[in-house]
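> Single-letter residue listing:
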Amino acid sequence: MTMRTVHAPTRRELLLASGTLFAWAHLPRLAYAEGRDPRFLTIILRGALDGLATVAPVGDPDWVALRGDNALTLEGKTPVLKLNDFFALNPAMPNLHRLFKANQAIVVHACATPYRERSHFDGQDLLESGLAKPAPSDSGWLNRALASLASAGRVDPHGSAPATVKGGKAFAVGPVTPLVVRGPAPVLSWSPQRIQPASADTVQRLLDLYRHTDVKLAGAIDENIKLAVIEHAGDKAQKPGSPPPAQVRGYFAEAAGTAAKFLAQPDGPRVGALALDGWDTHNNEGIAQGRLSQLLGSLDGALGAIETNMGPAWRETVVILVTEFGRTARINGTDGTDHGTATVALLAGGALKGGRVIADWPGLKTANLYESRDLKPTTDLRAVLKGLLKDHLRADERVLADNVFPGSAAVKPMAGLVG
Amino acid sequence: MAVQATLGESLWRPPAPNGWPDTEAAWIDGVPHRLDVANEFAGHLPSSDPAALLESGLGPIASRNTRDTVARAESRTQALALLVMAPEFLRR
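First to last, the protein sequences are chains A and B. Position in the first sequence (first residue = 1) + 10 = this note's numbering. Position in the second sequence (first residue = 1) + 33 = this note's numbering.
Don't read these hints as lab results, they were simulated from the structure. A portion of the hints provided could be inaccurate.
[What the hints assert, rightly or not] Partial pick of chain B residues on the chain A-facing surface, computed with a CB cut under 8 angstroms:
| # | residue |
| --- | --- |
| 1 | 69 |
| 2 | 89 |
| 3 | 94 |
| 4 | 98 |
| 5 | 107 |
| 6 | 108 |
| 7 | 111 |
| 8 | 123 |
A virtual CB, placed ideally from N, CA and C, is assigned to each residue, including glycine.
Construct the complete structure from the given sequences, taking the supplied hints into account.
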């Protein structure tokens, strides 16, 4: 089921669950010829990240009126982390703030894919396929970009990379592979052999369903949650088993950190992708304290783990965090936000020309909101992705316009993100 | 095999001479584990359409609650896991 995983995973690796890494084990030739050895990691945040709660427009005069008590402000109980005079970062993300101050992070705001409906499934398909409209696709933009890159040779046929990464036999594209890396380029996958426990969010949704339909089943799930909470009370070390919310932090850091370890190897893969779930915050969003705060804190820890594990390769690294769409500008009746449109894309890495928030800010007055309810998209996410693929990996601009993001010639690659 | 062990029924290792219990209580105990297995299988399915699977698997017997839960899932994988764990799927 886990496809030719050839080394016995350690206990910690077993906890990675859906943090499975998919990677391309070639050196991009053009970049290599320039004396660079770029690393590129794409992290998909499934469920739709609330961009306004992640990077708050504290300088917008309509901001506080829009979100009320849920608006992050400079004077709030938990002070936000100031990025510039207009934008501030959620207090749960000190690592990203530090990287931003060190010119190693970029925030792109009011940014969206071309998708304008509100379905997670279609939105994720479009985010990963790179198509302009929802349509069936059997390949993703990252894979098609890799397929177009000339290779300076396979990295590590026999070297010292972890056992799973070397050798032709470890190359496999199985049905588990997320769409973004599916396609013609051979991609290796690394995933734990043990079965992955359902996420706390999935358990909660099932519990809600059972409470409405089947009380006995609800009781069974409820008991199990309570047992897990007791088992992990005061327990900082991770144990195999159903991860309660407190374990998300460790899990994100492990997943991303392991990906970085592979990418950091001199003879390891150079381009990777993984997905982190749980961002669909309809109820009790917990922006300053609570669910989203914990998730963002976990993501921040994951960025820290990537930086640490990359070692010297960090200066040649770009990590991009993307999500299918944003969330409604206003808070809903259950202290959460519903499916929206524009959001943030977060970039981190030593190869970036960082320390900038890139935004053509649309404003927050009702007339400025998309369909009077969402942050209006003013930057096409494809421009950001094309800019990185072109300048970091040296993908060809025409191939990017015709093949990687078909029909996107009018969406110019964003210049100057790296260098 | 790992899946069987997770479900509490390791191959060739029944807990008592009369085999696996078939009472409702014993079955209910396995539900949380079954969710982990459902989650795992859902992650290994090629991008299938949860709505279509709901129609072909449950059709008219799917409750409004189940339909909404599946449709509102945050990803296809989560939708599939929730679908096969729906009461209509488990109790038939």
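> Next step is simple, just say for each hint if it's right about the structure.
Results for each hint:
With a least beta-carbon distance of about 5 angstroms to chain A, the hint placing residue 69 (chain B) at the interface is held under the 8 angstroms criterion. For the restraint placing residue 89 (chain B) at the interface with chain A, the shortest Cβ-Cβ distance is roughly 17 angstroms, beyond the 8 angstroms limit, so the hint is violated. With a least beta-carbon distance of about 12 angstroms to chain A, the hint placing residue 94 (chain B) at the interface is violated under the 8 angstroms criterion. The restraint placing residue 98 (chain B) at the interface with chain A holds, with a minimum CB-CB distance near 5 angstroms, inside the 8 angstroms limit.
The interface hint given for residue 107 (chain B) holds, since its Cβ lies 4 angstroms from the closest Cβ of chain A, which is under the 8 angstroms cut-off. At a threshold of 8 angstroms, the smallest CB-CB gap from residue 108 (chain B) to chain A is about 5 angstroms, leaving the interface hint in force. Nearest Cβ of chain A to the Cβ of residue 111 (chain B): about 5 angstroms, under the 8 angstroms cut. The hint holds. Taking 8 angstroms as the C-beta contact cut-off toward chain A, the hint placing residue 123 (chain B) at the interface holds, the least distance being around 7 angstroms.
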